[in-house]
Amino acid sequence: MRPLVAGLALLLALPAAGRGFERTETREDCAHHQPLRQPFFGDTHVHTVFSLDAWAQGTRNTPRDAYRFVRGEAVGIQPHDAEGAATRTLRLRRPLDFAMVSDHAEMLGETSICRTPGAPGHDRFVCVLLRRWPALGYMIVNSQWSAGGSRREDLCGADGSACALAARSPWQAIQAAAEEFYDRSAACRFTTFVGFEWSGSRVGMIHRNVLFRNERVPALPPNAIDDGHDERRLWERLEAECTEAGTGCDALAIPHNPNVSHGSLFAATDPDGEPLTPALAARRARLEPLVEITQHKGDSECRAGQGDALCDFETLPFADVAGHASRLYRDPPPPGVYVREALVEGLALREQLGVNPFKLGIVGATDGHMGTPGLVDEEAFVGHAAGTVSARLEVPPLPDSPWFNPGGLAGVWAEENSRDSLFEALRRRETWGTSGPRIVVRLFAGWEIDAGLCDAADFERRGYATGVPMGADLPAPPGEGAAPSLAVRALRDPGAAGHPGTSLERIQIVKGWLEDGEPRERVFDAAETESRARVDPATCERSAGGADRLCRVWRDPDFDPGQPAFYYARVVESPSCRWTRHACLAARVECDGLLGPRGPLAACCDPAFPTTLQERAWTSPVWYEPR
Amino acid sequence: MGSKGRCYRYGVSDRRARWLLWTAGVLLAPLPYGMVVEGRVPVARFAWLAGVSAAYATGVDGSGVAWVMTAVLAGHALVWGALLWGVAFALARGLPAAARRLAVWGIIAVAGTAALVLEPYRTPFDAEALRAGWLGLFP
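For the record, the sequence lines run as chains A and B.
For this note's numbering, count along the first sequence from 1 and bump the result up by 310.
For this note's numbering, count along the second sequence from 1 and bump the result up by 224.
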C-alpha cells in the first residue's frame, strides 16, 4: 500500500506534467531536462562600468565582459596602463550556469553621460570632477545623489529627464548583453537574467537586486533617487510596470546586506514607522521570496557570540559598512539584522498579520564591482573593488579590506538551465546559498520521510513523494505524536583540475520557533564526518579526512505542533585558509619579528582576522505553521 | 646701508630664508594624508584639491560631503603649512649666516630636482597614476 500512496503523492507533488514550469519565452526545449530537478550555480549580483562606484574604482568591464568572464573567458581588470590596456587578466576556473549583471539603477544615466564623450552634459563640472579626480568625485557625488534631494539639475535638467534619457543606453546594453549570452538552444549551456540593483538607503542600506524572468522588462529600472528611498515605491513600480502590466513581465527582488541595514531591511514596521499591514506584508512576501545571505560585504546568517559558534563567520562586527574604514562607525549591529533573526520575526508577524513577510529563501552572491561574476576563490582573490581599497592606480598590497570576503554563490534546483525554470525555482525558494564553494545540498522535509532514505538510489523521487523540498511549507501533521523529519544530503565541491575542493565536516539543522510568543533557536548536529580534516595555517595545506558526501534523516526531537517553526540545513566544510592568509603568505609577511608589517599588510598579524575558516552552504528553510 | 642690507647683499636674511624654505616646502614636500585615503602630496596639492572641492560645492552642489571634503583638504593644507612654517623657521635660524644663501638655494635646488626627476608623490585622487613627479600634480 505504501508504494502506491507514495507514487500517488509523487504525481501530486511533482510539478504539472510536461516541463514542470511555465514557458514564457521563445526558445528551444533543453535537451537535458530533469523533472526531478538538477543543481545549477550562479551569481546574481555583479557590477560593471555602468555602476558609478565600479567606474570610479577603475573598472572598465561591460556587461558583455562580465558574461564572457563567467562563461570562462579571460578578461582584463584594473589597473590599466597609459595606453588603457589592462595590466592583469582573470579567468574563472569553472564557468557558472547562470548570472545576472546588477548595475546600480541609481546614477545609471549620470554615469553614462560622464563616461561618454560628446554626450550632453559630458563637460559639466561634475563629470570633470568624476573623471579627473574619481575617488574624490565619487565621495562627494555619491553622498549627494544617493541621498536624494540634491541639485542634479546641473546634469540631469530640472525634471531629471536628461539623465533618464541617458540611462536608456546602458539599460539597453545590459539587456543586449543578457540576450547575446543567453543560450536559447537545446544545449542550454548558460542562462542570463536582465536585472539591476535598487540601492535605497534609510538608516542603513536597504538594497535589493531585481531579477526579471524574461526579456520583457520595464523601459527603465526604477531607482531610489527619483522615487525615494522607500521600498514601497520600488514594489509599486515593479507591479505597475512589470508584474501587473499585462506584458508578460515578471520579477522578484532579492534584498542583500541586512547586516549593514541597521535593522531597516527586516523592520516590523513600514518605512513611515507604522506597523506592517497584512497587505504590505503580502506584497513583500510576493515580490521578495529570497535573501542574499552572504556576499563580499559580510555574512548575514546569524549573530556571533550568541551561543552558535559557527555564526562567527565573515560577520562584520559593526553596524555600518563604513565601519571597515573607520573606528568612528563601529557600533555593534543592532537587533534584527540577521537572516535567522528575521526568519523568527517572520513567524511572529505571521501570527499577528496572517502573512509572513520574511518567508525567505537563501542565495549567496559576490557583489563584485569589476564585472567578474563568480569570483569567489579564496586562494586567488584579487578584491572586488567595492570598498576603499582601490586597484585603480596600483595593485594594492592586500587586495581588499580584510573585513570583507570574496562572497558566495547561489544554488538552484531546477528542471533545466533556462530562464523560466530557474526563475520558478527562485520564486518557490528551492535554492541554497554557499560562501563560495560549489557544495550541492538537497533537503526534503515531511512527516513520513523514510529513515533509510539516504541509502536509497532514488533519493530525489522519494523525497518529493514523501516530503517537500527546501523553501516549501510542511503540510499539516498527519496526527498526534507526529514530528517532522528532514532528509539532507550534501556533496562536496569537487573543485577544478589542480584545485580540488575541500571535504565536508558536518551537516547541522538550524531550528527557529516561537514558544509562547518568544523567539527560540537551536542548532542540531545532524551528520558529521568520522575523520576530521585540518589545515596548516603556515602553509595552507589541508590534511586528508573529511567526507565527500554526508547524508542524514533527522527527526525533530522537540516538536510541538502548537509552535510555528522553520528548519534549514547548514553544511560545513573542513577548515581551509581564508583569503587574507593566502594573500599574506604570497606577500611573505612575517609576524614574529619585533617590527611587524605596516600599512594594509598589518592585517596579516591582526588577530581580528582569522587565518582559517570553514566554508559552508545554507539551504532555504522549510516552514511549519500550526493550522 | 644697515646690517639688513649687507645681509641681503651677501646672503639672505632670516626672514627671506624662512619664506623661501617655507614656499619650497609648501610646493615640494610630500606630506601624508592623515585621513580618508593614503597618499603623499605637497601642501599646494591639498590646497588645490580643496579649491576644486570648494568650487564644486559653491558652483554646483554643496550638499552631502562636498564641504566636509573641502574642510578636510583645507585642514590638511593648514596643518601641514603651519608645521612647515615651524620647520622653515628653525632651519633658517640654524643656518650659518655666511652660508645661508648657498644652503637655502641648495636645499631648494635639490628638493626641486628630486620632485621633478623622481616620483616622490602618491596621488590617490588622481585618475591616471598613483605615483607622480611634481609636474604631474597640477594639470
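These are calculated hints, taken from the structure and not from any lab test.
Ideal Cβ positions, reconstructed from N, Cα and C, are used throughout, including at glycine.
Please note that the accuracy of each hint is not assured.
[Claimed, not checked] One side of the interface only, derived from the structure: several residues of chain A facing chain B at Cβ under 7 Å: (1) Arg425; (2) Leu439; (3) Ala445; (4) Leu446; (5) Tyr448; (6) Ile450; (7) Ser453; (8) Gln454; (9) Glu463; (10) Val778; (11) Asp870; (12) Pro871.
[Claimed, not checked] Pair ranges (Cβ atoms, derived): (13) A:Pro627 to B:Glu262: 56 to 62 Å; (14) A:Thr849 to B:Glu352: 51 to 57 Å; (15) A:Gly583 to B:Glu262: 56 to 62 Å; (16) B:Glu262 to A:Glu840: 45 to 51 Å; (17) A:Glu584 to B:Thr282: 16 to 22 Å; (18) B:Leu340 to A:Asp433: 28 to 34 Å; (19) B:Gly283 to A:Ala848: 39 to 45 Å; (20) B:Glu352 to A:Ala918: 50 to 56 Å; (21) B:Thr282 to A:Pro847: 29 to 35 Å; (22) B:Gly283 to A:Pro847: 51 to 57 Å; (23) B:Thr282 to A:Ser495: 33 to 39 Å.
Going down the list of hints, with the structure as the test:
1. The interface hint given for A:Arg425 is broken, as the beta carbon of that residue sits about 12 Å from the closest beta carbon of chain B, more than 7 Å.
2. Here the hint on A:Leu439 is kept, as its CB sits about 6 Å from the closest CB of chain B, short of 7 Å.
3. Interface hint status for A:Ala445: upheld, as the beta-carbon distance to the closest one in chain B is roughly 5 Å, under 7 Å.
4. A hinted interface residue such as A:Leu446 counts as satisfied when its beta carbon comes closer than 7 Å to some beta carbon of chain B; here the least separation is about 4 Å, so the hint holds.
5. For the restraint placing A:Tyr448 at the interface with chain B, the shortest Cβ-Cβ distance is roughly 10 Å, beyond the 7 Å limit, so the hint is violated.
6. The closest approach between the C-beta of A:Ile450 and any C-beta of chain B is roughly 5 Å, which is under the 7 Å cut-off, so the hint is satisfied.
7. Given the 7 Å rule on beta carbons, the hint for A:Ser453 holds: about 3 Å separates it from the nearest Cβ of chain B.
8. A cut of 7 Å between beta carbons decides the hint on A:Gln454: the least distance to chain B is about 4 Å, and the hint holds.
9. Given the 7 Å rule on beta carbons, the hint for A:Glu463 is violated: about 10 Å separates it from the nearest Cβ of chain B.
10. Given the 7 Å rule on beta carbons, the hint for A:Val778 is violated: about 49 Å separates it from the nearest Cβ of chain B.
11. Against a cut-off of 7 Å between C-beta atoms, the interface hint on A:Asp870 is violated, since the closest Cβ of chain B lies about 52 Å away.
12. The closest approach between the C-beta of A:Pro871 and any C-beta of chain B is roughly 54 Å, which is over the 7 Å cut-off, so the hint fails.
13. Checked against the hint of 56 to 62 Å, the C-beta distance between A:Pro627 and B:Glu262 comes to roughly 23 Å, which is inconsistent with it.
14. The supplied range of 51 to 57 Å is broken by A:Thr849 and B:Glu352, whose beta-carbon atoms lie about 39 Å from each other.
15. The beta-carbon spacing between A:Gly583 and B:Glu262, approximately 41 Å, falls outside the hinted interval of 56 to 62 Å.
16. Against the hinted window of 45 to 51 Å, the Cβ-Cβ separation of B:Glu262 and A:Glu840 comes to about 49 Å, which satisfies the hint.
17. Against the hinted window of 16 to 22 Å, the Cβ-Cβ separation of A:Glu584 and B:Thr282 comes to about 40 Å, which falls outside the hint.
18. At about 31 Å, the CB distance of B:Leu340 to A:Asp433 agrees with the hint of 28 to 34 Å.
19. Distance hint for B:Gly283 and A:Ala848: a CB-CB separation of about 57 Å, inconsistent with the stated range 39 to 45 Å.
20. Remark: the range hint 50 to 56 Å for B:Glu352 to A:Ala918 is contradicted by a beta-carbon distance near 35 Å.
21. Taking 29 to 35 Å as the suggested C-beta distance range, the pair B:Thr282 and A:Pro847 does not conform, at roughly 53 Å.
22. In this structure, B:Gly283 and A:Pro847 meet the distance hint of 51 to 57 Å, their C-beta atoms being roughly 54 Å apart.
23. At roughly 58 Å, the beta-carbon separation of B:Thr282 and A:Ser495 lies outside the given 33 to 39 Å, and the hint is violated.
Checked against the numbered hints given earlier, this structure breaks hints 1, 5, 9, 10, 11, 12, 13, 14, 15, 17, 19, 20, 21, 23; the rest are met.
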